[in-house]
Every structure is written in structure tokens, then in C-alpha cells.
Amino acid sequence: MTDNDASKISAFEDSATTSDSRTLAVKPRGMLAAVWMRFRRHPGAVAGSLVFSLLVLSVILVAFSPYDPETSSMGERLQPPSWAHTMGTDALGRDFLTRVLYGGRISVSVGLMVVAITLTIGVPVGAIAGYFGGWIDSILMRITDAALSLPSLLVLILLGAILREVEIPLLQRNNVVTIALVIGLLSWMTFARLVRATFLTLREMDYVTASRSLGGSSAWIIIRHILPNSVGPIIVEATLELGYAIIEESGLSFLGFGIQPPTPSWGNLLSNAQEHFTKYPWLAIFPGVMIFLSIISVNYIGDGLRDAFDPYKVLKKVGEV
Amino acid sequence: MGQYIARRLLQAVVLVFLLSIVLFALVNLAPGGPLAGHGQSRHVRPERVAMLKRQFGLDKPLPLQYVIWLAGNDWMKIDADGDGIFESYGVRKGVLRGDFGFSFRTREPVLKEIALRLPNTIYLMSVTLIVALLIAIPVGVISAVKQYSGFDILVTTVSFAGQAIPEFWLGLILILVFYAWLKNPVTGGPLLPSGGIYTLGTEFSLQDWMIHLILPVTTGALGWIAWYSRFLRSSMLDVIHQDYLRTARAKGLTERMVLYRHALRNALIPVVTMFALDVPYILSGAVYVEMIFAWPGMGRLYYQSALQRDYPVLMAILVIGAAFMILSNLLADVLYGFLDPRIRYE
Amino acid sequence: MDADKHKSLGVALFTLLALLLLASCVAKPAATEPPPPAAVQSTAETSQEQPFGETSITIVIPEDPPSFNAIVGDTGYDGLVMNLVMMGLTGVDEQGNIYPELAMKLPEVENGGVVVDEEAGTMDVTWELRQDVTWADGEPVTAKDVVFTWEAIMNPDTGIWVRGSDYVDSVEMIGTNSVVFHYNSIYPGYLTQLGGEQLVIWPSHYCDAAQGFVAWDCARQPLSNGPFLLEDWVVGDHMTFARNPNYFEVGKPYIDKIIVRIVPDEAVRKAMMLQGDADLYMWATETVLNEMEGKPEVKISMAPFSRWVMRLFPNQAAKGTTDPAASPHPVFSDVRVRKAIRIAMDVDTISQDLFLGYGKPVWTEFSRPPYECSIPRPPYDPEAAKALLEEAGWKDTDGDGIRECHGCQSAGEGDLMKVEFYTYSEYGEVLELTQQLIGEMLKNIGIDAQLSVFEGSLLWADAESGGIEQKGDFDLDLWDDGYSGVDPTDYLWELYHSEAAIPGSGWNIVRWISPEFDALLDEAYTLDEAKRKEVFCEIAQLLDEQVPVILLFSTVNAEIYSTRLEGVQSSINDLVSWNAANWKVTK
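Protein chains in written order, with our numbering: chain V, 1 to 321; chain S, 322 to 667; chain Z, 668 to 1254.
Next comes chain V alone, as it looks inside the complex (with noise of 0.2 angstroms):
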């Protein structure tokens, strides 16, 4: 795909949302205040937030749940869900909604961590290639197309496979750590392209030749100038890593590469439901209802972030729309 085509296509997902004419109407007090009235707006985005917040808020609190993930009580086995277990049992009498809440600390940790690595490495990449061009820019897209390559599912297996045996500091047999570097360092690619296709367009910004003309080095402009404008997508596409991490994250753990037993993770524990499931459905309705139930709440987070930053005002200046 070429630079057009990034911009053009994400112009295609914001024109659909033409921009409400009661917003104009209003003097902006400032961007992020701006942003903010325009979320609030939006309820499937107010919906996701509550969704998504109560979600964190329980993976948190299951700490002072009276049962214990780890001891088992083989004389409650595999009991349906009831007032006592609000999810029922597991195999070995363990109340399955404290498990399945610790291992939503699991696969919501590794979501968190893979945003952040992905920024982390995609921000800067695209940052450098869009705003240098040239040599510069043609190397980093080359290794950026060449990392996009690799089919993802079968290199993230692979990776899981050798790393679950391996004991290093830090890196233990696939905790939350590995698998975040794994799945991070298979994702960062779309910041990339993001950012750079942003930084395209806005450094031929008045401003930007403004700040240069004025002894501004690259760096200060890039951080001072450039970034602050084209924070929009970026968090925008953030949110949406943040989905997408958590079900490669369960994904890679149902098919026993990811986290490994008895560390508990929505993945796995699905991955263990699949022997008797038939017979006892609760093993495997509810860690996937919590991975469906994050995963739609950020996506409407998403939405809601992408109509309140509306993009569509920076590419609207370029003339590209």
C-alpha cells in the first residue's frame, strides 16, 4: 500500500462521519477540551468507557474476593453458576469468576504493555521516516514492509513455541512480559505507517517552515510542532491496539502458546474448557463474553475518540478531501 492509500483509506472511515454542524457552532476552549465535549457526545463511546472502566475496576478488586484462584475444592467441582459462584466451578472447585477475573488482570495487562511497546518502537520509526523522507525514510519502510511480511498468527505461534521453554531473567516461560515483546514486536508496523503518513502531510505545514526559518531543530520541531498535531490517530489507533492485543493475546494463550497454566488468562482458560465444554458450558461462555465485552468497549472508546479528534480537520487543510 502507498502513502495514499493509508490516508485516503482512514479519510474514507472519517468521512462517513460528517462533521456535526453544532460543533462548529461552539468556540473550542482549547483542543483537548474540545475533544473531550465531543466525547462525551458519542454514548456507545460514553457506553464502551463505563464498560471498559468497570472491567479494570473489577480485575482490580478481585483481590478481595473471598475465593482463592489457586486452592482447589474437589468437593465443588464443576458446579453451573449459582448464587455462591456467580460463574460456577472449575474442575478442581475453584470459583471460576475470581479465576476468570485474574485472568482478566493477565490478558488486560499484556493488552496495556503491547500498546506501549508498540508506541514505543512505531512512533518514533514513523515519526523519522516521514519527517527526514529520503534514504532514511526509504530504509525504515523497507524493514517496516518487510516486518508486515511475516504472516503474524504463524510467527507469533512459532515465537510462542521457542519462548515458552526458555528461562531468562525478566523473560520466564512466556509471562506477561514475552508475550507483550512478542506480540508487540509483530504489531508496531501500523504506528508506523500512521505516523509517518501523518508526518507527511504536516511537515509541509506553514508553521513548520516557520519554526525552521527561525533556527528550530528537528528534533524541537518534531516534538513541539508535529507530534502534539497528530495526536489524534494515534490515540485513536492506540485504543484500537488495545483490542486487538488482548484477542491476539487470547488467541496465542488458547492455542497454548501464549500464557502458560496455571497462570490463569481468558485465552487459556478456554483453552481448558475445550475438553468438556459440551457438558459444562459456563467453562467456556464466560472468558470469552469478558474478552468480547473489552475488546467491543474499546472499540466504541475508539470511535468515539476518532469522531471527537476528527482527523478529518487536519487532512481537510492539506486539500486532500
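Hints were generated in silico from the structure; no laboratory data involved.
Hints should not be assumed to be uniformly reliable.
Said to hold, decoys possible - Listed below are the simulated DSBU-like cross-link pairs for lysine-lysine, each with C-alpha atoms no more than 35 angstroms apart in a straight line:
{"id": "1", "chain 1": "Z", "residue 1": "K919", "chain 2": "Z", "residue 2": "K966"}
{"id": "2", "chain 1": "Z", "residue 1": "K1251", "chain 2": "Z", "residue 2": "K966"}
{"id": "3", "chain 1": "Z", "residue 1": "K962", "chain 2": "S", "residue 2": "K504"}
{"id": "4", "chain 1": "S", "residue 1": "K414", "chain 2": "S", "residue 2": "K433"}
{"id": "5", "chain 1": "Z", "residue 1": "K1110", "chain 2": "Z", "residue 2": "K772"}
{"id": "6", "chain 1": "Z", "residue 1": "K986", "chain 2": "Z", "residue 2": "K919"}
{"id": "7", "chain 1": "Z", "residue 1": "K772", "chain 2": "Z", "residue 2": "K919"}
{"id": "8", "chain 1": "S", "residue 1": "K374", "chain 2": "Z", "residue 2": "K811"}
{"id": "9", "chain 1": "V", "residue 1": "K279", "chain 2": "Z", "residue 2": "K1027"}
{"id": "10", "chain 1": "V", "residue 1": "K279", "chain 2": "Z", "residue 2": "K1198"}
{"id": "11", "chain 1": "Z", "residue 1": "K1085", "chain 2": "Z", "residue 2": "K1053"}
{"id": "12", "chain 1": "S", "residue 1": "K398", "chain 2": "V", "residue 2": "K279"}
{"id": "13", "chain 1": "Z", "residue 1": "K986", "chain 2": "Z", "residue 2": "K962"}
{"id": "14", "chain 1": "Z", "residue 1": "K811", "chain 2": "V", "residue 2": "K279"}
{"id": "15", "chain 1": "Z", "residue 1": "K962", "chain 2": "Z", "residue 2": "K924"}
{"id": "16", "chain 1": "Z", "residue 1": "K986", "chain 2": "Z", "residue 2": "K1138"}
{"id": "17", "chain 1": "Z", "residue 1": "K1138", "chain 2": "S", "residue 2": "K374"}
{"id": "18", "chain 1": "Z", "residue 1": "K1138", "chain 2": "Z", "residue 2": "K772"}
{"id": "19", "chain 1": "Z", "residue 1": "K1138", "chain 2": "S", "residue 2": "K381"}
{"id": "20", "chain 1": "Z", "residue 1": "K924", "chain 2": "S", "residue 2": "K433"}
{"id": "21", "chain 1": "Z", "residue 1": "K1110", "chain 2": "Z", "residue 2": "K986"}
{"id": "22", "chain 1": "Z", "residue 1": "K986", "chain 2": "Z", "residue 2": "K1085"}
{"id": "23", "chain 1": "Z", "residue 1": "K966", "chain 2": "S", "residue 2": "K504"}
{"id": "24", "chain 1": "Z", "residue 1": "K1062", "chain 2": "Z", "residue 2": "K966"}
{"id": "25", "chain 1": "Z", "residue 1": "K1027", "chain 2": "Z", "residue 2": "K1198"}
{"id": "26", "chain 1": "Z", "residue 1": "K811", "chain 2": "Z", "residue 2": "K1110"}
{"id": "27", "chain 1": "Z", "residue 1": "K1138", "chain 2": "Z", "residue 2": "K1027"}
{"id": "28", "chain 1": "Z", "residue 1": "K1085", "chain 2": "Z", "residue 2": "K1138"}
{"id": "29", "chain 1": "S", "residue 1": "K467", "chain 2": "S", "residue 2": "K572"}
{"id": "30", "chain 1": "Z", "residue 1": "K772", "chain 2": "Z", "residue 2": "K811"}
{"id": "31", "chain 1": "Z", "residue 1": "K1062", "chain 2": "Z", "residue 2": "K1085"}
{"id": "32", "chain 1": "S", "residue 1": "K398", "chain 2": "S", "residue 2": "K381"}
{"id": "33", "chain 1": "V", "residue 1": "K279", "chain 2": "Z", "residue 2": "K966"}
{"id": "34", "chain 1": "Z", "residue 1": "K1027", "chain 2": "Z", "residue 2": "K1110"}
{"id": "35", "chain 1": "S", "residue 1": "K374", "chain 2": "Z", "residue 2": "K986"}
{"id": "36", "chain 1": "Z", "residue 1": "K811", "chain 2": "Z", "residue 2": "K919"}
{"id": "37", "chain 1": "S", "residue 1": "K381", "chain 2": "Z", "residue 2": "K986"}
{"id": "38", "chain 1": "S", "residue 1": "K398", "chain 2": "Z", "residue 2": "K811"}
{"id": "39", "chain 1": "Z", "residue 1": "K1062", "chain 2": "Z", "residue 2": "K1138"}
{"id": "40", "chain 1": "Z", "residue 1": "K1027", "chain 2": "Z", "residue 2": "K962"}
This structure is a prediction, so every number in the text was calculated from the model and none was measured.
Fit chains S and Z to the supplied structure of chain V, relying on the hints for placement.
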């Protein structure tokens, strides 16, 4: 254009080559290897390990192993029986001549293992893609044309949901509902089968094959439908408001002609290129579906080979997958240039 | 976007959420038992259309055998099909009795088949072959084939080790139908030297010795001298076997055709059994047995004894080392600790609940004939375990539930009683759950176990490839092991002899060094059965006192077969097809 394609092809070859080196290094890094735990006895003896290492060529230094993988070893003498004397020529021709080696697990040629499974994956995924597009395109178009209608809202919401449902979970739930819970009113058995391409041991029956397709295709297609209907909707919306359509309408063309002859064709352009880019995900997407529905395809083969560290098969699938992705990227660019007269490459 | 539309979106979202909450109510099992997975097709025809009068059965297995050479592939599926077409000198039945196959009779000292030179400590075993067995191409089976097979296997390039081969000096043909094995020591396991589970006699005129035993083509296109002939093999799909009209047992086999179908998916195999599309399900696991038990369409055959015993391996050398004298393990080098762990294990719960009653508690290696020894079963007594640990110098002074060393044998003062606990993944969820349960039992007596699951191939790899057991890179491991056949001598050596503790030489991975054991085992190399029994029971005593390995329970060895099939008998000494010639179809 021709020059552009030639240049890109050359770059593609170099890229595949470099990727193969990286992947080869990764694949062979894994500790453990295919040597132990084989078979029933836990206690594998050192002579057997040595013999297996020799057989699999794992006793050679890694760079040499890569060269053999690439170019074969029938041009060099090898020591087949481990007595230190290099007496016979090897039998492998190497990847460059189409020989991907032998599977550690079954001792069959890798390409044969792949050839046995590839048609099944292509079969499943083509049906999935076709079904997905057949549903997504009309849905997306109608959604765009009737923007803000009840239909549109329903579609948008369902798409949102559809993109949030993990494929592997969907498969399990579908099996739960259609195989475990719902019953076939005639036979009293499950409504739909839980896996396989056809009911084993029976004669070929089109009906049987179609019934076995229902659940896996639904599982695989839902995400695609969700994504493509939204995408097409955006694309259509963008096109619908263009000036040239207004001109066409002013000229007196019916709305339908406007839609199909102009709007849809132009709206499809980015979809086609997007699609060309997505095609390689056939392989990745197949992994979950094939695993859950016991479909004997490439995805499942890859998964099993990863579990048992069957290096030759892993390498073959990875390299073929990478080549496929690179080529489809090229195809997408060329297609885009071809379809959109505004874009020209030199 | 329009605000109204947003509201609708929001409503839609909430409705979705509500629906999902409802899902949790529905998540109670709709049926109390799994529905019978009957066929989808509405026609009542079974898949086994047979020409009038021909009897045919179908065996389902999950993967293709790599070849017909069981000792090379070692997958079990190769053994299954090998039994159908080829025979060894002897076979072993489900009770452990050895019977002659290609041999005329079993050579014993009494009948002159075995000649012992007491002074030199050597012996000669003479095998007389049957003269009525022919290969499918008409050639008779002769002593030449025996010698040919032995030499092909013994070729050092094969890397194949056969029990007792270290003691065989040479194999000689003395007449068309007689072979003599010259042993350089008294080896009691001579009866299955070229027989039993994985060894058969190969045709010298058909197999190409130049290709080598490991890779010869005749292992994929076998020449049969057994009850069935290989008719065709469609790799990945099925193998067809037809009755061998020239089989030496007149009238047998009773079945005309055997089809072996490759069906990777367990659910499909189960369904096929219940629908009547398959007649024999090999190696049924506990869960499958539990599901199928009681169903009218199938019967279950369980081996009378068990081979695989799940056990805990406490490393007596420090993690990462292999010399227990130089670097004893801080926790497990003390026999009192090992004994304490043994009585803290609630084996009944594990075998009843997790293994669905199919696991049987086992506490000694000598629990099946002919070498049963009566060792009292260790009780389940966590309190006594705690007391034992206190006595061993492990006390919990800071009240955190984990003991520390205060005057213990090999650890530093104040060191925590913390260990890494490994098991392997291939067995499945049941084993992982067992590991978690055992981890809790350990915690209960004050030992902190950190659980990890490894791939079996990493656990059992050789030391060079990073094999965890061989390198001693573990504290406590959980996996199953056991010997096949009747003779435990070689297995005992591999597991407990001091020389077997050297990496690469054996499987004494717990690094238990006991000169007493070594001496006792030496005495077992005699043909005097009474003496052997005595020695083994002394060894049993020793192992019970020293607890180098903590035995827990045995796992099931069973097959499921259709009610129309008769004669199927599961056995730990061979694959279920060992007596296929005797199977009958009744309906």
C-alpha cells in the same frame, strides 16, 4: 508499469530470501527439538538420539544446515552411518529446486504433507471469503444508501459486535448451540456436526459436505463480514457525495444506474485492494477454525508441527506464507494502479 | 453522526449486554449428560456395506503409523499394524505369560533349549522354528531370516537398542530351522530377545539390508507371514488388511477384512464407535472411557495390570547438578522429607476424582505378577507428614505457611522450603490439574511449590539438547513411567542403578546412589526364578525404605470395542492387535 513490477518482484525475492534466513534461525533456536519424547518410551537412548540427529541433519552447524535446506546436499558427500567416513551423496535437492525436505514426524516429503492439506484449507477459506463478500457487499451498499435507517443502525451495531467476537470463542459457542443443544428434529441427533469435512465412512454427498461447512464458514466469515460491510459502507458514503455523481444524476440517469455503474464501481476499488492484502490471512485465519472444527488443513498442520517441532514443515509453511503475503502486497498495489486511473507508478 | 443515532447505538449496546447477562443464566447445562452424537445423515444405512458373507471390522486411530517397524517408530500405531502382518519368535499375553509364535517351543533349561555354563557365567539359547510358516510369496520362514533380522538391528548405524543385546555375543544358524544365541552372561530376559511387543522377524530375501533396518522399504510395504496381508495403504486416510489364507493356524483368522482408519479427531472417533462405523478404539483415555462406559453399543476391555505409574521424582542432587554427594539437594536429599511427601499425598482423591476412578493407587514397582511383593500401603496422613518434617529440621517459625530450615540436613539456616515443580503438557488437562492439586497438598504441609508445565520433548531430551531430566535441571517432577513385559530387571537398572545417574547413561534422574541396590540387582541376573522373586522383594523393601521416587497411581490401559466384536483383550505387554487372529465377529 512493467518496470515497476519487475523492480518490485526483485525486491520481493530478496525479501523472501532474507526472511527465510531469519525464520530458519528462529525455528532452530527452540530448545528440546524433535528428538526426545518420541514414541512410547520416555527413555531415549544416546545412540538413538545420535542416529536421529544424523538422519535429520541436525548434527551439522546451523549455517550449513541452512545451505542444505536451500540448495540440497546431493552435490556433497555425507556420512550417513556416522562412522566418520563421508561415503555417499545426499538425497536432498533443496528448496531452490522444489524440495522442502522430509517431515520429522512422518518422514514423508514436506510438500506432500502440505499438498495433502492445502486443498482443504483453500476449499474452506474460499467458501468463507465468498460467503463473506456476498453478504458484506450488499449489506454495506444498502447501509450506505439508506444511511441512518434502522437497517443501517442494526448493521453498524452488529458489525461492531462482530469485530469484537474472538473467532475461537465463536467456534466453541456455535458448537455448543448447534451440536450440543439443538437437536435435529428428524433423527434426534445433533443439528449440525462438530467437525470434519464430511461424515467419515460414507459415500460422497453434496448435502453432507455442505452441512459440514455451515459452522466453520460462519465462524470464519463473521469477522470478515463485519469488517468489510463497514468498510464498504464508508467507501460508498465517500463516493456517493462526490460531484461526478451529482452530475450523473443531473444528466438524468436513474438512481440505480448512478449507484451501480458509477458509485459502486468506484467504491469497490479500495475494497478490492484491501481484499488483495487480506487474502494471505487465509492461512492465519484458518488456524483457529481448523483446530476447533478438526479440519485437516494447513492451519492445523502448522499448529501440530509447532507442537512437535517438525522444523522442515514449519519452515516450508512460514516461507510459503511470507512469499504469499509479499506477492499479494504487490498484487494489491498493481491492482490499485490498474483500477484507479488517477494513480500511476513509474 | 446524528445524536439520535448515537442514542440508538447506545441502546443497542445495552441490549447486547443484557442479552449476555442472560446468557449466564442459560449457561447451566441443558442436559445432564452429553447428547449421543448420532449421525447427521437421516438414512439408516451404516457405512459398512459388505459383500455377502465377508466379515470386516474397522479400527480407528488418530495418526498414520510411520511404518510397520514398531521399534523404530515407537508410536504404538506401528506396533498395532505390525502385529497384523508379522510375528516374532515369541509373544506375551495379557497375563504376562510368554508363548511361542514362530518358535516351536520356549527354550528352557529343562528341555535343553538353554545351556548354562556356570563357571564362565555364559549361556546358549537354542531356538527351534516352526516349519509350517511361510511368507506371503511362498518362501518359508527359516533361521536365515532370524539371523538376518538380528544382524540388521545390531548394525551400529541403526541406533536401535534391544534389551539384552549387550549380552549377546553372536547369533548362529545351525540348520535351516535352528538358531543359537550365544550370551556372555546369564540373562533372564532371553525369551523375548526377538519377540514381544516391538520385535518381529523380517524376511531376508525381501528386505534390502543395504537400505538399513531403520529405513528399509519393506517396513512400508511389508511381506506378511502373519494372520493378515496388507492390501492397500492410502496415507492419511486408511489401511486395508485382508485375511491371509496361508496363515499357519488353520481356520484363523476368523475375520476377512480389517480396515484401519486414520481419524485425528477424538470426537469423531467416539461418534464413529457409537454409530457403528468403527469397531475398535485404541488407547482410550479416562475421559473417553467415562463417557462410553455403560453405552449399549460398545464394550470396554481393560488390561488386567497397568504399566504406566504416575510418580514424583524428587531430585536428590541440587538443581542443575548431577552429583548428589558433592551437591546434595537442600530439600530432597533427606529421606525423611521424601517420606513426608509420600504420606501427604491424597492419592485416592486424585485417582477417583481427577482420573475418574480409573487410576489405581500404586506404591511399589512390584505390583504385578510374577513379581508381586507385599509392601504395606503408605497411609494418607498429613499430620504425620508435618511431624516428620519438623523432625527433619524444617520448621515454620515466621508463620507464613512455608517452612524454613532450622537444623535440617542439607540446607542453610533459614532457607525456605521452596521448590520448582514440573510436569509435562502432552498428557492433557488432567495431569495439569493433578499437578495443581499436588501443589496444594505440598503447601498444606509447608512446602512452597512453583508450578510449571513443560513439553515432554524438553523434559526427556538428551543433556546436549537441554533435556531437563538428564541435566538435573529440576527440583520435583511429575510424570508417568513403567516397564512393559514381565521382566523389570533392565528397567530397574535404568531407573535406580548408580551408574544410571550419569547423564546420558541412564534414567536415574533423581540421582539416588545406593550400593545396596546395585548389589541386589546384580543378584537378579539369574535364571533361578525363586531366587529372582526373593531378590526383587528385597529390592522392594529397600525402595520402600529409601523412597528415591514417590509412586502415586497407575493410569488405565484400555480399549473400547463394538459389541459385534469378540475376543479383544487389552494388554500392557503388547498392542491390542496382539491376538487379532482370534477375534470374531458375532453379528
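Inset, instruction - State the violated hints by number, sorted upward, taking the hints as numbered earlier in the document. - result: 5, 6, 10, 12, 13, 14, 18, 24, 26
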